[in-house]
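Asks: Given the structure of chain A, go ahead and fit chain B onto it with the hints provided.
The chain contents come next:
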Amino acid sequence: MNPLAANRLHLTRRALFGKTATGIGAAALASLLGKTVARAETAPHSPPLAAGLLPHFPPKAKRVIYLFQNGAPSHVDLFDYKPKLREWQGKDIPPEIQGGKRLSTMTSGQKAKPCLAEISQFKQHGQSGAWVSSFLPHTAAIADDLCFVKSMHTGAVNHAPAITFFLTGAELPGRPTLGAWLTYGLGSDTENLPGYVVMTSRDKEASCGQIFYDFYWGSGFLPSKFQGVKFRGSGDPVLYLSNPDGMDRTVRRGILDDVAKINQLKLRDFGDPEIATRIAQYEMAYKMQMSVPELTDLSNEPKSVLDMYGPDVKRQGSYAYNCLMARRLTERGVRFVQVMHAGWDQHRNLNTQLKIQCQDTDQPSAALVKDLKMRGLLDDTLVIWGGEFGRTPFLQGDIKDTRQWGRDHHPYSFTLWLAGGGIKPGLSYGASDEFGHNAVENPVDVHDFQATLLHLLGIDHERMTFKFQGRRFRLTDVEGNLVKALLA
Amino acid sequence: MHPRFSIAITSLLLAISCAPISRAAATPVDFSRDIQPILSDNCYACHGPDAKARKAKLRLDTKEGAFRIKEDVAVVLPGNPAKSELVRRITTKDQDDLMPPPDSNHKLTPHQIELLTTWVQQGAKWGVHWAFIPPVRPEIPPVKQKDWPRNPIDAFILAHLEKENLHPSPETPREALSRRVTLDLTGLPPTPAEVDAYLADNSPTAYDKVVDRLLASPRYGERMSWEWLDAARYADTNGYQGDSTRTMWPWRDWVVKALNDNMPFDQFTVEQLAGDLLPSATTDQKIATAFNRNHMINGEGGRIADENRVDYVMDQSETMSTIWLGLTVGCARCHDHKFDPITQKEYYQLYAFFNNTPVTGGGGSGQTAPVVDFTTPEQKAKLAELAEHVQQAGVPITEFEKTLFPREEKQTPDASPAAKALSGNLVNELKRAPEKRGVDGLREMVNFYKAKEPQYADALAKLKKTIEARDQFSASIPRVMVMQDMPKPREAFILTKGAYDKPTVKVTAGTPAILPALSTPGQSAGSASAQSAAPDPSKQPTTQPSQPNRLALARWLVSPNHPLTARVTVNRYWQQFFGTGLVKTVEDFGIQGEKPLHPELLDFLATEFLRTKWNVKALHRLIVTSATYRQSSKITPDLFERDPENRLMARGARFRLPAFALRDQALAAAGLLIEKVGGPPVKPYQPPGIWEEATFGKIAYQQDHGDALYRRSLYTFWRRIVGPTEFFDTAARQYCTVRQTRTNTPLQSLTLLNDPTYNEAARALAQRLLTTEGSTPESRLNTAFRLLLARHPSAEEQSVLLQSLDRLKKQYTADKPAALKLLTIGESKRDESLDPTEHAAYTALCTILLNLDETLTKE
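So the sequence lines, in the order shown, correspond to chains A and B.
For reference, each letter of the first sequence is one residue, going 1 to 488 in the working numbering.
For reference, each letter of the second sequence is one residue, going 1 to 859 in the working numbering.
So here's chain B without its partners, still in its complex pose:
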């Protein structure tokens, strides 16, 4: 076992973290767990890695700094608190000497002071931040309740519970487990037949069979893609002004397929970060790199191209850092990181990996080259025809401009004295041949010349029309923005305060010194499966890069000795299944991040992930087959008091389903869901006027019809400036987001009660119940419960709901027009042979069912 984990969790830690756990016997203070967080949080801002912000030339983030002896005064004298200036400064009554200074708004608690003093007393053992040391596979801890663990996860959880004198919860009933695991692995509820098959299977492997079936389902990839798209800030438009459309969806389909194919995570990493640089890169490998280009594009008039470009490169390197390193390197954009050992120079060294594409930042197209172009021969012909129209429309313009802008023959019109007084925009247009002009510029020209030179303005207007026609057609053809490095890397510099126009010191691509060294170019650092993507170093491209490139970076991330990637990744998945990561700050494994309460479990999972060659499905199988996962999620008052946030996992996870899954669940239970994997995004119901209001009427929402209304939420068109209205608590898809948030607000209730999606689902579900032959109210209610909750209603529930049904029937019998109105919501056809009042009553009943806490919750 690694020494860092040899110490039992002490009451000291628990007091710091306010964890709901009783005191155990006091044990030695641990630097990384107990001391460094205090120093970092309270001292590093002035005595940390950032040299520019450092006061009194004192740093407490290194051993040398903390143990400094100057003029016979030791900052920390191991074993001797009385002679340690640090201890004196944190305990003094002298307000001028007190640390942290009273005006810093930081104040140590008596407990923290005691910890620091004890640490010095005990010899002030120094250490390295836990997350920067590669995980070592821990031993499986012994437990008393030997019949509980199903796999090593459980041993770690149980060992901790036993230390706390807590017991795990009993296994959740099969029905509930079946719903939980099916929702978790496929994002959809189980069908009654699937539940029945599981209930009828008495073999010891019954549950494993269910899990295997779910992992093999194409729905698995669709479910697992969502959080990856959030992290990758995937959307169907650019964001910012104009918010033009892009066609990145083939990349989304690549993700779904990769997850369904169980592509090893190292290959998943290498192909997305640097697939273009693999030898003989396939089209798919190039498409994978669209990951990097999912960032927003700013087409605002007046933007400086290079400023945009720098923003994009920063976004790319920071997204990589959040997802793989779990580090907040963005903090080092303007200065050395205040807490973690990442210098500003290292920030720009990471930046330099992404700085080498031919993208200039100019223009606002969502199909800015380099792209993988999906144009078919027919589309090509049509494009040529439209281009010809543009060419034709340009001919009279050229003629007009000969007279309007007299100049020497070789010159362009902007050189004419007649162009001198024109605005910058117009001059820019005149620099370009007519067919190369932009729609916005032409609009401006038309306005400018409408009165002065009406004929010229007319010709310009015609040209604008043909250009629009060409552009519109062209934009509908998928061209996926991907990565490609220029033969010669662009020079990279440290930028003062991150400003694009304030470069200082030149840097080359490199990785932070605190992490393992990067292999030199040409060497492969990946594991077996990553190497299989690029097997032989000798077959590297003939032009050796002069500095390490993205491929080297990607391979470095998945090298077996990397301390972060595997931990950060398994932690994100843990969050997905259990609602909170083992490290709650999934985006920050740095010194200010949360220390894991179960460090051995985290390291076990990380090393297991490596051992299985980054096998994601195996990891998911391990999690969902654990006894930990299979516990009941009931909460007892005692357990709630001890552990309100369920960090110890003495019970199963219970939290509201993400909004996308709520919609999918409703569609599935209603029998409306259209299961078709992939393709262009779809536009389901949305209240009128949302896009129009956001874009001043320039962009209208054109809702789709037919099957497109019932596709999985994953395929919903995502306009970045105003995301789909039916999803709440979701990432904005503007920047990389990895932390899941869950709130509980009345606006969410209104959505679930009043969005036509759910009203229609209620109607369709009602119809499903009513068209089952020979059924009674009881049996219908039963069917509805099984479709939504995978169980039968209790006698109490049945009694409440049958009374509801009676009342609703009376209400709708008394008001048939209302019944008919309710049944017209949504575009799917209703079965007109059904009695509308009864159908409406059942629709309202299904609205109740769709809004039950249990329906909305993964239980």
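So that you can see chain A by itself, here it is in the shape it has in the complex:
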């Protein structure tokens, strides 16, 4: 018998034949809840962690916070300063740069493609001299903690496929997301909270039609226990968390004890280890009911910390609230926190909306990095800030109508930043051409980015695989190169 099966059997034998009731519960808990050991009958493939295969090498980061900026922030207005665009303002971008590349139908039919210079002001910041726009003062202030990748590029030109690509390595839905891969591979360090938590917010004006599809945190072909648990923006953060009206904790406790008693009888008579698991999961549900309210109780947060995140921090469902919650989840051992914020899709409201959008997100994003740093968590927490693509360096709309200025989707070059968890701080890596159109120096594609992220977590992206439909799938599909220059 191979060691996996032996291990599994050992656990289940313990679960089965433990002498006392608590013995059964404890064994089941240890094997099932805390450390993500998949069940034989529910997961045909044993998780790598249980097999002692992961991590492949010592990790730099233990956990990830992904601040996903849905809609695609405009790189040429925020990070990628291109004086050439000012020179060429209003003139069509040279065809040899644009090169007839595929665009969304929103501009593919537009005959003129006039260059549009940044609508903000750029300045260099910190020791590293990173270029950051005046729209992002708080981000600019921590520039030396950040690593800007300015040569990102992707294959998709529409939101849903591009976001899915970033999160799963494939454009069409159906593959496991980053967070699912990581909780599958590395397990969770918390017994009272899900290992993979997702929170969403949107801009206050609701200017943007982006939808948060549940496949953005799906487990694909991995067992569904690895899918992200979406914390809701109102009411109970976890669905069905609260006891029904008229059933207090004492009554509930009694009910659970009685359920467990009868289930123990069943276990004794039937010997099905799944019963032990069920007993444990009901207990875990009870613990979650305790720990989630504790998680969301901000009364012990110092005012200075709350202030750092800005005025929206106490509003459940706001980006600021979610950033603070990301830190609190991280502290409690959650492996992967995915904060998604929609509102960056400025097709025709660049001059009005981009600044507001930045105001809503700049301060909380920077506060999160600072907060983690103050607590010593930044060293082994990887923070990622970025969207699914960039925006065209040329105009969508009429150059005379400044109120309606916009930029269309742009996959050929864009910027994202990383911080903490083994990333080299104060680095600006790669570059686009002088129009900000194409990634030309050290281009990084999405699979490269994913390979690097996994590397920081101690995982060789080519070796963490899951066999499905006869094929060993990986996050990076058949691509991906580690970008060593980004590592500290």
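Mixed in with the good hints there might be a few duds.
Derived DSS-like pairs (lysine-lysine); straight-line CA-CA distance at most 30 Å [unchecked claim]:
| hint | chain 1 | residue 1 | chain 2 | residue 2 |
| --- | --- | --- | --- | --- |
| 1 | B | Lys462 | A | Lys204 |
| 2 | B | Lys55 | B | Lys450 |
| 3 | B | Lys55 | A | Lys484 |
| 4 | B | Lys436 | B | Lys497 |
| 5 | B | Lys55 | A | Lys91 |
| 6 | B | Lys452 | A | Lys400 |
| 7 | B | Lys613 | B | Lys634 |
The following label-pair restraints were derived from C-beta to C-beta distances [stated by the list, open to error]:
| hint | chain 1 | residue 1 | chain 2 | residue 2 | range |
| --- | --- | --- | --- | --- | --- |
| 8 | B | Ile477 | A | Ala112 | 13 to 23 Å |
| 9 | A | Asp460 | B | Pro142 | 29 to 39 Å |
| 10 | B | Met486 | A | Val478 | 30 to 40 Å |
Everything labelled a hint here was simulated from the structure, so no lab data went into it.
Even for Gly, the Cβ is constructed at its ideal location relative to N, Cα and C.
Replies: Relative to the frame of chain A, chain B by itself:
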């Protein structure tokens, strides 16, 4: 018996599959079972069917390749491992020569090396992958325990158990069996009266009578539909941005009816894949083809129509391949399949069958033509009236645009110089007559002109309103998207990396060469019942298709010599009853799929399915009347150690009921269930804000009231971007899903404990117990057990639960307001004559019962 099955299962296989079975005497190595999986898994990525990925021009997936002799070096020299390069390469210490290469992350185990060496030693017999050879009806194997088998299934299972020195489990008690089979065949628990009737029937056919009654019940079709809807990615919205509603539910009702009518599976296949192409196709046969159009529709602004269309066609052909072929043809979308003999060209040949509808991929309507339209005359009149409103609202727009966009008379406004600087979206709107414009475009126009041309903007806003009114009414009328081929097939091409805009070589519709040949157009390949749908080839439509069409494809799938369809189908049903397929990879019968542990049983079932003319109910009867199915599901430590996953089936299946069945069971036991077959989807309880949060407030969940709250789960409205929250471990209904998953998580416990559906069911069940005259706590507990578990409680259980009841009574007597609150959950009326504290205590007691492991489990 087929030669491939003549070899006993050996210890070699068992070691590979880690199956929990003892070693038997060593026997010859079998290529298909022992060798091909090793080659496929470790070598084919570089030495397999994909010519582009092939290294050293060596292929190991064909006999010619593997036996190649080049420069006096034989890859495999039968009988001579020492002179076989393959053996040298897998055993060498030279890291440069070692295969698989160390950097490939593949490594052969010593056992695999031994197997390959032995295989060469024994003469390197070559063979074809088992699943590509049509099933041959195997002989029923002899068994020692002759009084156990009830039908041939049992002979196959028992013969295997006896080889392993294992014994089947005793038959499960009648009560438990009655619950198991009723849940399996109808998705609902048996009533106490049904259990009593079965217990009282001493005739030898008592159980068969139960099975016949269940198969005849209309609940059967409702139960059996679920997995088919998962496979068919059925939902009530499009998915993607906007996620607009569609009206495909008449197709769902078609499925329920077809299953209840026991439509033969070949006809079920032909009508769904190609009912529209049958001669004089009926409306029902056209509706059946909605199966193909259940795919997601992407209405995201900026999407290129043809890109969408290609996605849809791929989805259609891949769904067909997963469901009927059990092959992962999607792997050949970008390159030749890495493991199975399916080329990229063949992928696009399958694609070409679905490539011929008039669907362009444009727009995002969930009622995109071709449709079967259910509009009534009254609705038609109302639609005409609303269209007239739109027309009227368009008149002032036309006037405004004459002045705002000066142009030549015959031109549309977009041709005006005044339109030159407008955005693409606005120009698009101006191309169209006012009444043909879209709501989103109009919204954009209104915003654009609000300040500049307020009067024009007002008129546009009015137009938008009338269009919305028309569209909203129109969308509520069922129009079922169906299939229809254009007279001239659309040209199909191999697409580089699957990209819609990178066509290369032109292809025509066709089926993979590894499978039996497709009949030429006009010939019928179906069995008797499929032919009855289209009896006479001479009565084919007058326009002969220039290449084989979907009808030919569908008939080919159910032709008697097809090696896959029957196997794949019976295997899926086996999974449904036993929790795991005979081939665990129900979606993959290819070389990388699992080799069946009971190949003869699989082939027996497949050939039996054909012999009975694809009779699904007969297949289900055969399964549930077998001794295998009727075993107790108790697990002994020894048996668990030997076979933790119960692949040998020395015991009955025991697993958690699917979430949809849990809800139905609770409603039924509580007496809340409303049994009405079919109709538009319903919206039961859902926590507030779920849809709103997912759609930024654009779509609000409007919960139904009354009977609609208590319909079977099958009828619950399925919003694709955020599915019903009360179902867990369920297919997402975004893509074809055939593999069932079962997890056990705390979030599931929270749902079952706190979802108002279950709280209300507990209250209603409590009321049911309390309103039974002359009852005592003991008798009430007994009734509850019988409603949920079809049995009486044991003395131990009774003692625990009566103590619970005492405690709960005390707790609620001490807190009457809490009792009243608990009783207000759910919209069904409570019997106010009942003492609220007692009612609440019983409600809490019923919550315990609804959460017992046994309640949640098919035992």
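Asks: What hint numbers does the structure not satisfy?
Replies: 2, 4, 5, 7, 8, 9
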